[in-house]
Structures are given as structure tokens and as C-alpha cells.
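Number of protein chains: 2
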Amino acid sequence: MKFSDRFLLMESTIKNLQTKICNGLESEDTIKFISDKWDRPEGGGGITNVIQNGSVFEKGGVNISSVHGVMPKEMAERLKTHEQNFAACGLSLVMHPYSPRIPTIHMNIRYFEMEDGSFWYGGGVDLTPYFPHKEDFQHFHQTMKKACDSIDHELHSNYKAECDSYFTIEHRNEMRGIGGVFFDYLKDDGDKNFTLVKAIGDAFLPSYLPIVQKRRDEDFIADDKQFQLIRRGRYVEFNLIYDRGTLFGLKTNGRVESILMSLPKEVNFIYDWKPEEGSVHAEMLRYYQPCDWVG
Amino acid sequence: MKFSDRFLLMESTIKNLQTKICNGLESEDTIKFISDKWDRPEGGGGITNVIQNGSVFEKGGVNISSVHGVMPKEMAERLKTHEQNFAACGLSLVMHPYSPRIPTIHMNIRYFEMEDGSFWYGGGVDLTPYFPHKEDFQHFHQTMKKACDSIDHELHSNYKAECDSYFTIEHRNEMRGIGGVFFDYLKDDGDKNFTLVKAIGDAFLPSYLPIVQKRRDEDFIADDKQFQLIRRGRYVEFNLIYDRGTLFGLKTNGRVESILMSLPKEVNFIYDWKPEEGSVHAEMLRYYQPCDWVG
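Which chain is which? The protein sequence lines are L and U, in order. Numbering of the first sequence is given in the working numbering, commencing with residue 68 and proceeding in unit increments. Numbering of the second sequence is given in the working numbering, commencing with residue 68 and proceeding in unit increments.
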């Protein structure tokens, strides 16, 4: 199977984006990303850039992968097609700062094509804060809205609603964070969807770095840290029970360490935890529900 | 639907067992279990006994539940039957000690019956140690073997093999611990299966308390603690990705806090962690594979 021009363009775009994003994030920390290059026995491979135990980022990864070959059975079943050749590439990142004043952030953009000629784009960005800095949430959502608006003013409200729905921890009836944008199976021909995923990728640093810079030197107390560790537990619950990419990756023999890179380093699970009434954490809990942050 | 005599016998058995086991475990700690009684809106309820931040047990629960009513759709689908009345009761326990010298332990025994007259027993016990105390592993497995042998000498080798298989973290090709016994859908009429689950329940304290007593005052170093926190991460991976009871409970609107009680309090997820060659932790890793501990 020959890679399409769309594939090659997406592949070079995510490579450049990985470098740009890692440079941007490194500028906020005292340590650098470490790079692990890996091959996929069945075809393709990836580069996992990891940062761990930094002064700002406790754990994070900015990963790209470009894989191809005959699709695994699970993939064909999920896509409701026969086991044909496929090619897929994407960038995935998760950053877990040490300070509960700085939100966790996740982004993924991806492209998929099959031998039969079908193809699609997908992606998303979502923010998981641990402190009710409402102006930060507005900044983040407005930056994502601007990126969507640069393509089409109709997009953002749908993609934000899809994100609120996707990143819901169903058994708790709450979101893992405050959402962002999420879209999948964008199949239209033309440049529109590539332009969208590129705009989202380019919006990552402007959506996040100003928050990191503003919050990195703020003090916090033990209760703030405890709240963060508990919310990280909810992050783990979401990723291991509901996240399609994680489960699909693990079931199709993906590289385990790159997939589970998304899990935070230190996590707490506490029985029947409840916030103190009237506390900032009780306030923050209310924002893990769909809210209008751009109105 | 009228409860069968089997149901009523199992219900009183798990109530007594909960008391006996909590008393036994409390005798090793400086704090007591706290009891949460809960009702299931659709019928029945349970008692969740929780211990947290003890001197020996960092987190643990010994839960009983007895529920009934029309089965949820997911349950009927899983059982390949129509949505009829059912009744189920069981005891579930997980104990996560603070010290990495003392293993984590899990046990579950359960009974299920339906309006159409079918019924079955299930259960299991498995040990998750963090230090290669081989004589403890032998003691644990031999105690379980003795319990099985008291019913039928054919049982143990099958139930041990089922346990090795069930508690496997497939994406890592390793077990979460060193296994024990596991069985499900035991449908034979007569007293044999009730006698088995009772024997397993009664074997819990003799299988575990001697290990707690032997190891509770042993010193450990930071590396031992780190290894435990990482292995607890694997425990979380297993419970949230593979454990049927956990996933089924969450999807059928079970009591979230009682179900996720099984997760350890403090957990670490570290990128691409590997033990030092020749260390006790490298040795321990080799035992998270099916081994003969009773031969």
C-alpha cells in the first residue's frame, strides 16, 4: 500500500509539532525530555519523548507514531471492515505538573487511512485543573474556540459538546476535567480537516503555556495536593476504563509504556472522599460538569 | 421471587464470616474497621467495612452484599438469558498493608440464583506479595490446597490454574500477584459447592494472618516501598481493565465506593520502570508467572 500525500503531510506535520511543543514545554522546566525511539514489528514505529521528575512537570510525554501494515483483527472489527492494509499516524501528549495549581493537559491528533481508499482525521485537547482558576479555563477554551473558528464558526460548539461527553467518567457522572474539544471520523475531502488538526496542534502552546507561567510559582497547601492526587485517581479511572485509544492500543499489542505514559506518577485512591463544604475543592468539583466557558 | 434455602444459608454464612474476618484482621492493627450500611434502590443492600490509615493496613475493605430484583439488561446479556428476577449475595475483601513486606490479599465468594431455578457459586483468593518470601507463598498456597482437598483432591490444581489465568495482566503478560484459587459457575446440586466456598472463606485467616504476624515488624528500604507502589499500579491496571466484577459492578450501577474500595491508597505509575539486575525485586518479578508452590 502506498502512503497518500495526506498521510505524508500529516506525518511531517506531527514530527515538526513534536519538536516545537517539546521545546516550548522545556522552556518552563529545568530538565529536558528524554527520547525513546521504537519500532513496531508489524510496520512503522514512533518516538516517545518523556519528561519525569522535573521542577514543573512531574511526568509527561509527547509521543508521535506512524504505523502501517495489515490491520489487527480487533481493529477491523471495530472499524467494521475486513482485515486490509492501513496506515495511521498521530501525536499524543499528556503533561502532569507537580503543582496542583497547574492543570494537567492532554492532546491527541491523528490520521488514519485504509487500502480501500477511505481515510479520516480525529483529535482532541482537554484540560484537567485542580484549582478553580476560572480565568484560566476561559483562556483555554477561548484559545481552542479561536482555532476552530479559523476553519469554520460552526465547529467549536459541537466539538466542545463532544469533548464534554467523551471525557465523562460514567460511573461517577462527572468529567475528568473541564473538557476542551474532541472530534473523530472527519472524512471530508479537501484541506479543511487537515487545516483543523494543524490549527488545534498549533493552539496547544498558546492555550497552555500562559497558564503554566502564571501558576508555576503560586503556593499551595497540603489539602490542594491531596485533592490533586485524588483527582489523578479519577484520571486513571477514566483512562483505564473508558478511553478508547488506551484500551484499543493495549488490545492491539501497542507499545504499553507509550500508551500508559498518560497515567500520572503519584496517585491516591481514598474511600468515599468528599470535599469540605464551602472549600475551593467543593467549588472545583462543580466545574467537572459541562459548563459554558466561552459565552 | 422467593429466596432459596441455599441463598439464605449463604447469606448468613457471609455475615458471620465478615464479622470473624474483621475481628481477625483488627487484632493485627491499632484501629478498627468503620462500617457503612447501604441500600440498593432496586432491592437489597450491603455492609462495607473499611479500614484506612491503620498502622498495618493502609487501606482495606471487607464487604458483604445481598441484592435482588429484576436483573439489569447488562446482566441478562452477560448471562445470556432474559431479564428475569435474580438474587445474589457475596463477600469481597481486599487488604492493602502499608509495609511492602506484607502482601496484599483479595478474596471473593459469591452465590447467584435466578427465577428460572438456575443457580451457581463462585469465588477466589489471590495473594499479591512485593517481596520474595517464598516460604510465605508456599504457606498461602498450601492452606488453599488444604481447603480444596477437604472437599475433593481433584479441585485444587484446576482452581489454581484458573486463578493464574484470571489474574493475568494481559498487556504485560504477567500476573498481578502469585495467584491462589479461582472458580466460577459451579452449578452442581448438593452441598459440595457451598461446602467449598465456606471452606475457602474459613481458610482466609489461617492463610494470611501468620504472614502478617511474621512480617509486620520487618524493616524495609525506600526501594522496597517504590517497588510496592509500582506493583500497586499494576494492581490498578488489572482491576480497572480486566476484573469482571469491577467492570460489571460499575456498568450495572453498583455502589461505586464499595467496588473501587479494592484500589490501593498510594500508587505510582512510572515510565518504563525496570528493576535493578540481581535485586530482590528482579527476583520477585519472576514469580508473577504461574509457579508450582505446593509441589
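Incorrect hints may appear among the rest.
The list treats identical chains as interchangeable, and a pair is accepted whether it falls inside one copy or across any two copies.
What the hints assert, rightly or not - For lysine to aspartate or glutamate, the following DMTMM-like pairs were computed, each having C-alpha atoms within a straight-line distance of at most 20 Å:
1. K318 <-> D284
2. K147 <-> D183
3. K213 <-> E229
4. K140 <-> D255
5. K212 <-> E202
6. K212 <-> E144
7. K259 <-> E109
8. K140 <-> E344
9. K318 <-> D339
10. K69 <-> E237
11. K140 <-> D339
12. K140 <-> E237
13. K213 <-> E285
14. K292 <-> E182
15. K99 <-> D219
16. K292 <-> D258
17. K281 <-> D251
18. K341 <-> E125
Just so you know, the hints here were simulated from the structure itself, not pulled from any lab data.
Of the hints given before, which are not true for this structure?
1, 4, 6, 7, 8, 10, 11, 13, 14, 15, 16, 17
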